[in-house]
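Undergrad: Those sequence lines, one after another, are chains A and B. My numbering puts the first sequence at residues 1 to 389. My numbering puts the second sequence at residues 390 to 778.
Hints should not be assumed to be uniformly reliable.
Covered by chain B, per the in silico footprint, the following chain A stretches (three or more residues, Cβ under 8 Å) [stated by the list, open to error]:
hint : segment
1    : 62-73
2    : 79-85
3    : 303-312
4    : 333-340
Here are some, though not all, of the chain A residues that point toward chain B, as calculated from beta-carbon distances under 10 Å [unchecked claim]:
hint : residue
5    : HIS12
6    : LYS53
7    : LYS106
8    : LYS109
9    : PRO216
10   : ASN291
Calculated directly from the structure, the hints in this document are not laboratory data. Ideal placement from N, C-alpha and C gives every residue a C-beta, glycine not left out.
2 protein chains.
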Amino acid sequence: MLPRGFSSAGIHAGIKKSGKPDAGLIVSDTSCTATAFFTKNRLKSAHIVYDKKVMDNPVRAVFCNAGSANCMTGEQGMEDLLAILVDLGNLLYVKPERILAAATGKIGKRIPVDTVLKHLPKLTASVTHTDKTFPKAIITTDLVQKFATAAFTAGGKKCTITAAGKGSGMISPNMATMLVFCMTDCAIDKKLMREAAYEAVRMSFNRITVDGDMSPNDTVMVLSNGAAGNKKIAKKGAEYNRFRDAIKSVFYAIADDMVMDGEGATKFIKLNISGAADKKMAERVARQIANSALVKTMFFGGSVNPGRIISAAGQTFEKFDTEKLTLKINGRLIASGGVMVHKNTAAVAKELKKRRLEVDLDLKAGRESCYLLTNDFSYDYVKINADYS
Amino acid sequence: MLPRGFSSAGIHAGIKKSGKPDAGLIVSDTSCTATAFFTKNRLKSAHIVYDKKVMDNPVRAVFCNAGSANCMTGEQGMEDLLAILVDLGNLLYVKPERILAAATGKIGKRIPVDTVLKHLPKLTASVTHTDKTFPKAIITTDLVQKFATAAFTAGGKKCTITAAGKGSGMISPNMATMLVFCMTDCAIDKKLMREAAYEAVRMSFNRITVDGDMSPNDTVMVLSNGAAGNKKIAKKGAEYNRFRDAIKSVFYAIADDMVMDGEGATKFIKLNISGAADKKMAERVARQIANSALVKTMFFGGSVNPGRIISAAGQTFEKFDTEKLTLKINGRLIASGGVMVHKNTAAVAKELKKRRLEVDLDLKAGRESCYLLTNDFSYDYVKINADYS
């Protein structure tokens, strides 16, 4: 069940040749305040250029298509998008500039706009409050749909916050390749909503990496329609904290799903870097390790070759002493004092076979830390490195 | 045939369980001036720590082992290395500090020193001027051995420059994971030799990337014994230029081989970035593209999805206009004016099936340029992205 006042739908609108769902729609009965975070990639999808222009309007709906990124499609791509939004506006009795858009799929591919237009009446007629089809319509290579919800109270009213997301490949820094649509019926000041959402993004989507590739389409949207009837949260305090904690839990759950569902992934790895001289150092070391093809193939193969983790850290040229650092995997000491200390290779190998791994690298160069959620590279680039021992 | 006065050998010395060659030795009849370039990885193999100390001595031999990186092996690793060099020195009648060392293999693994010591008499007895076994003894996951030679004249004497290398995975910036041993009989001033070698390294090994991972063992060594009998090249001019061109051609040939033999590689890609505002911009864009898992899997699969190249460039946050840039593959225009213009997908697909590809990305943001040599990611991380279209 969506938060009060929201409904959604997902159908096949003729974009994917497979006939799978490829168009999704979220509608709110009343106007929403909205905030969004977009990719930092210099290449941007038409929908991002459009959304940035209309973002401050009261928002009534969100249209999302899969199967075409509508990126590197030039003016034609923007015309295609506007044609869809104008028709949708007519069908929903709302101005097109009150509809936000998102897209995922192949770069350079136009949306087959005539076909999509024909399907819009069915799409708008399909929206329901109990919908479960929207998350299916926005996925690409994802194997599982991603959906999370949390409840809390504000002003004595029960509030709900729900997010649907997609993301499996092209997942990396600063808004992983993914789309997330977050809806809440909680009334909250727009600036506070953005602040809480930003904190949640920082702790979730900005902390995951699947393949180090950042998409030109990444988007996280948060819509609040106030249908819960609570007095608008207008300042920080207990109510704001509950809202913030709820959105954090929802975003973290979706981010976790994205990593677990990373293309080809067989392992989920939480990487904790500590003992860094500053935040940047922690971040650089974490990203270098998490995106190292050799580290990722080791985790896939489960071969005991954790020296690659230290070598990846060393590539950052950050100032730490390889003779002082300590490395642990699932709490087991692997390296310290400048040597690999795992005497019991069989025990370490067993640990590496687990589906969820926790890697702790203490650089012993300061007090800053960070974490990243990532996964392995399976098969065969892959095979060679995984079998290499 | 090696340059005059050099001989070498490669044997199995008990390190690799497979029984394959794993220990190599180069010997010069007379003392060499030597220069070397090492990895910039903060983690360094014991042999690099050692070589840096003895590099200025006249050099008589180089010992290299495969199967153990002798890295993260602590003081024990250094003791192992010294034990080998002392024994080798006794067998060769040279001081151990006149022998350089190199190693490749698994991080954290000790050299099985007792076994190796037993094999050293055989190794020293095996060196010949016509040797072809050394290049085989220094490889790991390499499928082919890497060997290149060039001839030139200096002071009326025929000079030869020869290099043997290894490198297949863990190949990336600033001295790719690789070992290169270059020998010349040309007498040349040490500073001039280093300058020419550095220029050659910059144009070859520093321009290749297989997987974006930099090893803690990367080493390029150049030895000159002057056995050609030429008057030492002591200043820049025609003779220096011939030396420089010869070492460049030899290094470039080895680098080319390394990329072609990259782990799992099926394609060789020369990536030319032009129109950058400055060198750093060109370099960053090139490396981001060359190391993008999505770009590399596209080249493997040959699916027509070159928008990924532009998206990878955009991830650098460098200032260029995606509506102005042009992208060509094998001379065929793929993107310009903010759109993907390849109308003839079949023709592009055919181009992408070729084993050697040239990619030209003109950022239209300035006049600086650079190139990188790289390859594809084969199989299956890989498979998912290659089939995704």
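Undergrad: Looking back at the hints listed earlier, which ones does the structure fail to meet?
TA: The structure conflicts with hints 2, 5 and 6, although it agrees with all the remaining ones.
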